[in-house]
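Using the sequences and the accompanying hints, generate a full structural model.
Residue numbers (this note's numbering), protein chains in the order written: chain Z, 1 to 666; chain D, 1 to 252.
No lab work stands behind these hints, which were simulated from the structure alone.
Mixed in with the good hints, there may be bad ones.
[As the list claims (entries may be wrong)] On the chain D side, residues computed to face chain Z include the following (Cβ under 8 Å): (1) Met30; (2) Thr64; (3) Gln84; (4) Ser130.
[Unchecked claim] With a Cα cut of at most 27 Å, we get these calculated DSSO-like pairs of lysine-lysine: (5) D:Lys2 - Z:Lys522; (6) Z:Lys200 - Z:Lys536; (7) Z:Lys584 - D:Lys11; (8) Z:Lys311 - Z:Lys401; (9) D:Lys6 - D:Lys18; (10) D:Lys11 - Z:Lys401; (11) Z:Lys512 - Z:Lys252; (12) Z:Lys391 - D:Lys18; (13) Z:Lys584 - D:Lys78; (14) Z:Lys524 - Z:Lys556; (15) D:Lys11 - Z:Lys419; (16) D:Lys18 - Z:Lys396; (17) Z:Lys6 - Z:Lys650; (18) Z:Lys298 - Z:Lys6; (19) Z:Lys298 - Z:Lys419; (20) Z:Lys411 - D:Lys78; (21) Z:Lys524 - Z:Lys15; (22) Z:Lys524 - D:Lys230; (23) Z:Lys536 - Z:Lys556; (24) Z:Lys411 - D:Lys18; (25) D:Lys2 - Z:Lys524; (26) Z:Lys512 - Z:Lys584; (27) Z:Lys252 - Z:Lys584; (28) Z:Lys252 - Z:Lys553; (29) D:Lys230 - Z:Lys401; (30) Z:Lys374 - Z:Lys391; (31) Z:Lys2 - Z:Lys411; (32) Z:Lys396 - D:Lys6; (33) Z:Lys298 - Z:Lys311; (34) D:Lys2 - Z:Lys512; (35) Z:Lys380 - D:Lys146; (36) Z:Lys396 - D:Lys2; (37) D:Lys78 - D:Lys6; (38) Z:Lys522 - Z:Lys252; (39) Z:Lys411 - D:Lys11; (40) Z:Lys401 - D:Lys146.
Cβ coordinates follow ideal geometry from the N, Cα and C atoms, glycine included.
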Amino acid sequence: MKLDGKVPTGELSEKWTQYRGTMNLVAPNNKRRLEVIVVGSGLAGASAAATLGELGYKVKCFTFHDSPRRAHSIAAQGGINAAKNYQNDGDSVYRLFYDTIKGGDYRSREANVHRLAEASRTIIDQAVAQGVPFAREYGGLLANRSFGGVQVSRTFYARGQTGQQLLIGAYQSLSRQISMGNVTMYNRHEMLDVVKIDGKARGIITRNLVTGAIDRHSAHAVVLGTGGYGNVFYLSTNAMNSNVTAAWRATKRGALMANPCFTQIHPTCIPVSGEYQSKLTLMSESLRNDGRVWVPGKKDDVKAIREGRLKATDIAEEDRDYYLERRYPAFGNLVPRDVASRAAKVACDEGHGVNATGLAVYLDFASAIMRYGKSEAHSKGMVNPSEDEIKLLGEKVVEAKYGNLFEMYAKITGEDPYKSPMMIYPAVHYTMGGLWVDYNLETNIPGLFAVGEANFSDHGANRLGASALMQGLADGYFVIPYTIGQFLSNEIRTPIIDDQQPEFEAAEKAVKDRLAQFINIKGKQSVESFHRRLGKIMWEYCGMSRNEEGLNKARKMIQELRAEFYSDVFVPGELNEYNPELEKAGRVADFLELGELMVVDALDRQESCGGHFREEYRTPEGEAMRNDKDFTYVSAWEWTDTTADPTLHKEELEFENVELKTRSYK
Amino acid sequence: MKLNLKVWRQKGASTGGKFETYTVEANEHMSFLEMLDVLNEQLIAEQREPVSFEHDCREGICGTCSMVINGHPHGPMKGTTTCQLHMRHFNDGETITIEPFRSNSFPVIKDLVVDRAAFDRIIQSGGYISVNTGQAQDGNAIPIEKDLASEAFDAATCIGCGACVAACPNASAMLFTSAKVSHLNMMPQGEVEATQRVLNMINQMDSEGFGACSNITACEAECPKEISVKNIARVNREYFAAVLASEKNPSK
Ligand SMILES: Cc1cc2nc3c(=O)[nH]c(=O)nc-3n(C[C@H](O)[C@H](O)[C@H](O)COP(=O)(O)OP(=O)(O)OC[C@H]3O[C@@H](n4cnc5c(N)ncnc54)[C@H](O)[C@@H]3O)c2cc1C
Ligand code: SF4
Ligand code: FES
Chain Z
1 MKLDGKVPTG
11 ELSEKWTQYR
21 GTMNLVAPNN
31 KRRLEVIVVG
41 SGLAGASAAA
51 TLGELGYKVK
61 CFTFHDSPRR
71 AHSIAAQGGI
81 NAAKNYQNDG
91 DSVYRLFYDT
101 IKGGDYRSRE
111 ANVHRLAEAS
121 RTIIDQAVAQ
131 GVPFAREYGG
141 LLANRSFGGV
151 QVSRTFYARG
161 QTGQQLLIGA
171 YQSLSRQISM
181 GNVTMYNRHE
191 MLDVVKIDGK
201 ARGIITRNLV
211 TGAIDRHSAH
221 AVVLGTGGYG
231 NVFYLSTNAM
241 NSNVTAAWRA
251 TKRGALMANP
261 CFTQIHPTCI
271 PVSGEYQSKL
281 TLMSESLRND
291 GRVWVPGKKD
301 DVKAIREGRL
311 KATDIAEEDR
321 DYYLERRYPA
331 FGNLVPRDVA
341 SRAAKVACDE
351 GHGVNATGLA
361 VYLDFASAIM
371 RYGKSEAHSK
381 GMVNPSEDEI
391 KLLGEKVVEA
401 KYGNLFEMYA
411 KITGEDPYKS
421 PMMIYPAVHY
431 TMGGLWVDYN
441 LETNIPGLFA
451 VGEANFSDHG
461 ANRLGASALM
471 QGLADGYFVI
481 PYTIGQFLSN
491 EIRTPIIDDQ
501 QPEFEAAEKA
511 VKDRLAQFIN
521 IKGKQSVESF
531 HRRLGKIMWE
541 YCGMSRNEEG
551 LNKARKMIQE
561 LRAEFYSDVF
571 VPGELNEYNP
581 ELEKAGRVAD
591 FLELGELMVV
601 DALDRQESCG
611 GHFREEYRTP
621 EGEAMRNDKD
631 FTYVSAWEWT
641 DTTADPTLHK
651 EELEFENVEL
661 KTRSYK
Chain D
1 MKLNLKVWRQ
11 KGASTGGKFE
21 TYTVEANEHM
31 SFLEMLDVLN
41 EQLIAEQREP
51 VSFEHDCREG
61 ICGTCSMVIN
71 GHPHGPMKGT
81 TTCQLHMRHF
91 NDGETITIEP
101 FRSNSFPVIK
111 DLVVDRAAFD
121 RIIQSGGYIS
131 VNTGQAQDGN
141 AIPIEKDLAS
151 EAFDAATCIG
161 CGACVAACPN
171 ASAMLFTSAK
181 VSHLNMMPQG
191 EVEATQRVLN
201 MINQMDSEGF
211 GACSNITACE
221 AECPKEISVK
231 NIARVNREYF
241 AAVLASEKNP
251 SK
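What follows is the structure in structure tokens.
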């Protein structure tokens, strides 16, 4: 299969404008006759559904949640990037483009990333117009902060709840379209298959999660905005119900899964505390603006801390190893996520980890509190303020910036992060991989599109902070509403798709058979227990660092686990009722296949890049070593029959505007 | 720690329900939902049906988790959702009663799961600013006073969980509705539609069958996001002004 990214010709900075100006349009009277299914109501899905509705298409939007407002995007904390240059610090569309390409370790498509940087600016305008209460300065203008991997301040935020506020904005726009009758909303409906007719995506099969009814839905085109697959690791910062099923069912129908091994391990999460643990909690990257990461330099101190004889605050300044500042003086605590995570792993592997499990480092706000406190005292005109007064003032400033995160930390750990440093450790957070799409965000199945975290585009091998919200909203508000026209303009003569066709019937039957199969296994082990075991394999062998031997072992273990699942899983309850265990069974079954593909992809990619660190490929200083000569491609995997090996299709990446360099944050 | 759980079990909307009792072994670092996970794993191991409850983010932000714990929506801790509640706040040997959010406008789907779609319909009736994609001016074109933005933000942090309704003896949805009206009406962007918004949203709320607000303020006490009842007062004022205005000018 020849993969065509369909990148338009012309100058990089002109491509999108020119392309948009010459694209096929669909006339308003025809739009009313064209139906579009949008699966997902997160930032990407909700913004796409709302905008397509505004344009006049007949939209049906699906979510497995009880309301579109609950999508996992709601949990995003830190912020959203935009090249507004409101801070006058030299930011520009080109700089955001360049940072994102470099941050992604040169494994993304130039043209897509440039378009993303262009769209970033209008996203902020749109959100403000919707009433999103972004943080503001005293003068009433929008405030910014910095995120990792960049040297400008371009991140817009709404306290530590940016995702919530942006999603509510998109949800409100979607609600307006629902009230106007342009979008029909299907809550508590889980998509379990894509229906293809004459090679084109023409509908989906869903399960009504309340009644268990299996339904057919047809449309001229299908858009998947179904999120990422980080939960393949079981423990991750994703919401409990996030899953790969929609994208995976598309893969089983012939869509290609791109770069599945590119997963992001976020450096600042609350460490694992016990076997019962169900999820991990992120502490936003924005904290690294003010928090300093360190471990005790002396092993004796480490031991004393683990045994509870010493506290973090007892360790003298000169006995602390601020390892990020030491190793990466140019970026310090604001190195990109992949670099920060690996550095934490190295510190812990070398025996400097600070909690009982040895898997934690400190994130310390003491210096920031004093710095802010002094500045506040000064601006309040206080003469000779005491240390305690300064501290109190400083804590107030920190609270205003990160209050909800500090509170969340205290609730979970029972400790006060204002008084002693937070303990953090890397955790699975985001998946750069996803369905392969071309410049139009269309998969290799005509009429099937993917937006947001569900597609692979834009972030290469490592995503920079505050850029997923940007991408989800760019895709949904400003890209798909245009590019879908390229497909739909050729469909204006196609009547409403009849859902009584044999393809719908066959897909419905396949879904019903599969669900019945889960219930009928009647084994002994819970779905959850399989998911946990899969997660451990993935984390151990396909997590922060990978090697050939481990990956080969993991592949075998996953195959065995899958076989065990199909012979010994126990799914209680019935098909025709509200049954969360049945929902989980389908999702875990899909993870058990995806996991294997991730391992296969990680084996194929014999280089280290971004979040993909192969131990065999590193520099003498232990940094990742890319191999541009052999691996400057997107790995797009075809895998419809899991009893055979997956087939690799390559899309060579061409860089016409940036020079491929070794990423250095030193 | 060993706990006795009295849990509401109900097969579906149209069937009756009853309490069942279970014992479970937990530890104080677990979250409340992780404790229920343990219970469910135990039930599954005995080939019995697990307890259905809703949850997703487990970070206190999605508003999915619900349930009434020992008589309090989201349990006894102030400003805390069920998913953020930890077992260190309970005692060894304690009996904990767990029920669904109860309100006629939130019918039970199964066990602890209720249908809160009425909230979506309230938002659909006017909880938005009518601006199409692409119509916006530059974000910095409208400066907004920092304190005002912050106050609007406080109202906007509502997670749509419905605890306010479950807490209210009248099952009023006034805290939820007023939080959204306030968020939007306070901002200059929302001013244009302010009058229509408050009328439409309050009318929709009434037609969903939620009770009237009689200023008991149990909602504020139980709200996990500590949304203030000041929003209710503000919206009452706006509503009466809007009703008067629309009586004077019925065409609007
Ligand atoms: C804790 C956390 C913090 C983050 N913070 C930031 C941040 O500060 N800045 C940033 O840029 N990014 C951040 N991210 C990343 C970002 O939030 C996500 O990448 C992004 O929100 C994904 O949006 P989405 O619309 O693609 O998917 P989601 O929001 O996950 O939405 C998926 C939707 O698809 C639906 N769905 C899925 N499968 C099906 C199916 N089979 N049938 C029906 N419906 C289905 C779901 O119901 C849901 O509506 C964070 C992520 C996490 C986990
Ligand atoms: S006002 Fe509070 S209790 Fe009511 S829905 Fe919003 S967050 Fe929940
Ligand atoms: S599960 Fe999301 S708020 Fe509790």
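Subject >> Hints breached by this structure >> reply: 5, 6, 10, 12, 13, 15, 16, 18, 21, 22, 24, 31, 32, 34, 36 and 39
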